[in-house]
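Student: Please model the complete structure; the sequences and the hints are all you need to start from.
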Amino acid sequence: MTDLTKITLAGALDGLTAGDFSSVELTDAHIEACEAASGLNAFITPTFDLARDQAKASDERRASGTVGKLEGAPLGMKDLFCTEGVKSTAASKILGDFTPTYESTVSANMKADGMVMLGKLNLDQFAMGSANETSFYGPVINPWRNGEDLVPGGSSGGSASAVAAGLCLGATATDTGGSIRQPASFTGTVGIKPTYGRCSRYGIVAFASSLDQAGPIAKTVEDAAILLESMAGYDPKDSTSLNETVPDWRGACGQSVKGLRVGVPKEYTIDGMPSEIEALWQQGVDWMRDAGAEIVEVSLPHTKYALPVYYVVAPAEASSNLARYDGMRYGLRVDGENLADTYERTRTEGFGDEVRRRIMIGTYVLSAGYYDAYYLRAQKVRTKIADDFRNAWDSCDVLLTPTAPSAAFPVGRKINDPVQMYLNDVFTVTANLAGLPGISVPAALDGNGLPLGLQVIGKALDESTVFKAAGALEKAAGFTAKPEKWWA
Amino acid sequence: MTFIAPRVADKKDWLSGETGDWELIIGLEVHAQVASKAKLFSGAPTEFGAEPNTQVSLVDAGLPGMLPVVNEFCVEQAVRTGLGLNAQINKFSRFDRKNYFYVDLPQGYQISQFEFPVVGEGEIEITPEGGEPVSVGIERLHLEQDAGKSIHDLSPDETYVDLNRSGVALMEIVSKPDMRSAAEASAYVDALRQIVRALGTCDGDMEKGNLRADVNVSVRRPGGELGTRCEIKNVNSLRFIRQAIHYEARRHIEILEAGGSIDQETRLFDNVKGETRTMRSKEDAHDYRYFPDPDLLPLELTDDFIAKIKADLPELPEARKARFVEQYGVPAYDAGVLTADKATGDYFEAVATGRDAKIASNWMMGELFGALNNAETDLADSPISADALGGLIDRIADKTISGKIAKDVFGKMFAGEGTADEIIERDGLKQVTDMGAIEGFVDEVIAANPDQVEKAKQNPKLLGFFVGQVMKKSQGKANPQAVNELLRQKLGL
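Protein sequences, first through last, are from chains Y and G. Per this note's numbering, the first sequence starts with residue 1, numbered consecutively. Per this note's numbering, the second sequence starts with residue 1, numbered consecutively.
Since the hints were derived computationally from the structure, they do not count as laboratory data. It should be emphasised that the depicted structure is a prediction, and the values quoted were computed from it without experimental measurement. Even glycine gets a Cβ: it sits at the ideal position worked out from N, Cα and C. Among the hints, a few may not be true.
Stated by the list, open to error - Just a few of them, taken from the derived set where beta-carbon distance is under 8 Å, the chain Y residues facing chain G: (1) Gly203; (2) Pro236; (3) Ala316; (4) Leu339; (5) Tyr343.
Tutor: Rendered as structure tokens:
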């Protein structure tokens, strides 16, 4: 019998439909893989018993003729999504014992579609980080290695690592500045951040509300489309949710890119970027041209301001969003001498260094006397960055860029150098600032045998074209490499 | 913010100090709770007096991942109120976060409208008691959510928090510093109260805290440079507003005349001692770090939305008052009383329509309000409906009963004994207008009092005695005019 952890989500759904195996069998195979992979530290809270129950219920539903979009598929849930009756920690100490009485809209949609949830996946604390090293529950290890333990990227490191290691058929993730796409690039997986407003933010622990967006990490472009079709959809409980129907993205994946205008933004390069990445980018351009696309050079002149803008806007929103974790109603509480002291102790002990750093930056940029120079100016530049894209769409339909400026790096290498760490998001953060869909597709291995991804950015609400281009890229790259299974 | 305060108070409102006269400058921020069954950003109910923490949704309690969704009904009420204040309605407005930590603020921020309020400048006319009408400018009206309630006196070492109010919709109505006396400030709040009640956008109940005021007070030499102001927080009755202003003004004058200066600060009014005291100084003021709430889209109102609300606007107290004077010919003072709230005005119009409006007004202002007052009740619980009072007035008009008898009938109606017609019928109170019958009574009285008849011829004032006797004989039912005429004739007066 084939190894059920090596098949794709699409393949698994076909196999379930054909009756080749049951959801219980599929789920058991993945639970076994998860249990063997504890060294990756991909899970914060495994929910194997729940998964077995859900798999059994799914098989029964299937027998009675009810088959949802994700019927019986064992998947992972980033621990930023609140899940009813299951601990939801945001990888923090402050929410370490928090069990919601409610379900996020995205996870509810997937439940309604027949998902089997294997557990809550590790992440950077409150999704703040680019290496999954800020988790209170320890770093996640990348299944790909180069003689030493490597980071899986972040913040959705648990999701990326689990999908790359075959622990689940796909996983949810969230992306505020690159947290889906950069880990996908580091782990040889596909990750898409859809248009801002496609997925409801209801029930997702907020980091930076105007940038946060949920999306999947998957083994293939088609799998990503299947997952996103289930996750997305209008939700009146989120005022920023878009009232748009969800198109047939799965169908878009195989379509021809003949005549598609692919923009290549000349600003997407930074000092010290490995030449291999430049070369791969050029390779990607050639692949698209060979597939019939028209290549257009475009300019996004404000790109260099994207990262500074992001590190003003995101911490500003975070400083306010995280104010609710005060030890008064739920979560960790450390009693002090008086109210102010209790706040201080609770939040000092409950938040990790990176979270505290961002709360302080955010508080600073919103303070009287600094607001205009930082927050207000950043918002103005953010508008300019969005305008850059709007202008680019006059001459192209999608943009092709590298996903990240490096391959996965060793655990501990950048954790004490925040600026180096922040540079990881330099190519992904623009799509968040402009609210655009962006996907990372694994394209090649570097000289050290580590995966590198290419990014496709599309127009708002035009995920269909993004999937089409990503599918063409995936086909041309023919990336089939898998990490050696050293962890089991 | 620079406030321009061109109007100089009437001399009678000047306050005299040791070193000369002073003028009061007052501006108010009134918080009016939107009359809505649900909160501003959550579906939770807003019932008053419910058990603590029973009107709280996940959003109101600030749970992780919870998002606000604006309650359109509340927006509509804010626009309605704005139109009632003759104010500019801003088609674009935005919600901002006001960040601070406190136990009764679950999110760690209050959602308010800082930079772009839904309603801009407006103006209302007020009439302070015993004074001339004054126009008061409205600076803005914005929507914001209320915080929960901290209860410090249930335990010696713990604070209890009730989140029932957390997220309740408030309209903050900010006036310009256009008031020059405590009477004006109190009249302004009263006028606002009447307007929101007439519009139905707030119940105006100050006792429940559904309408409360932050009072900004400063003093200056009449017409001179503006002084430093102090803000007195959360004053919740008209009387307390007046008391707080009087106290605060005197405090300022004393400090200034002793050569001191006023510290800009936030103060509390102690309604037991009748004093204000420091709550926090300017140095302790929070840095609220306002910024646009990224969870909410800006409010964008269409012309159609505003036009629909406008078309549905009821007549407001000030306009109604003017109409009562014009249409019914009642004095301005009476018109003011009759339009103090919508129900009173409606009652009056029901009574006055098709009748002598002055008589209707007199009966309401005299007998009815007097009786309601004695019974310690109000018009809403009046035992006499507008129709019933109208019925009584009709019987006076058609001379079925005299005004004097009518007062007795009114008393019986108020006691719940029936309609005017029923009581007149039951007690046989119908006025006698049959001249023959009246003549009979007159003859009888004259015959029975020969001495008095002689005296009356010398002293015509004795006519009253005869009228009284005749009325007595007729049990009050004889038409007094007819009695008078007949007596004069027969006594030769």
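Student: Please list, smallest to largest, the hint numbers that this structure does not respect.
Tutor: Of the numbered hints, all hold.
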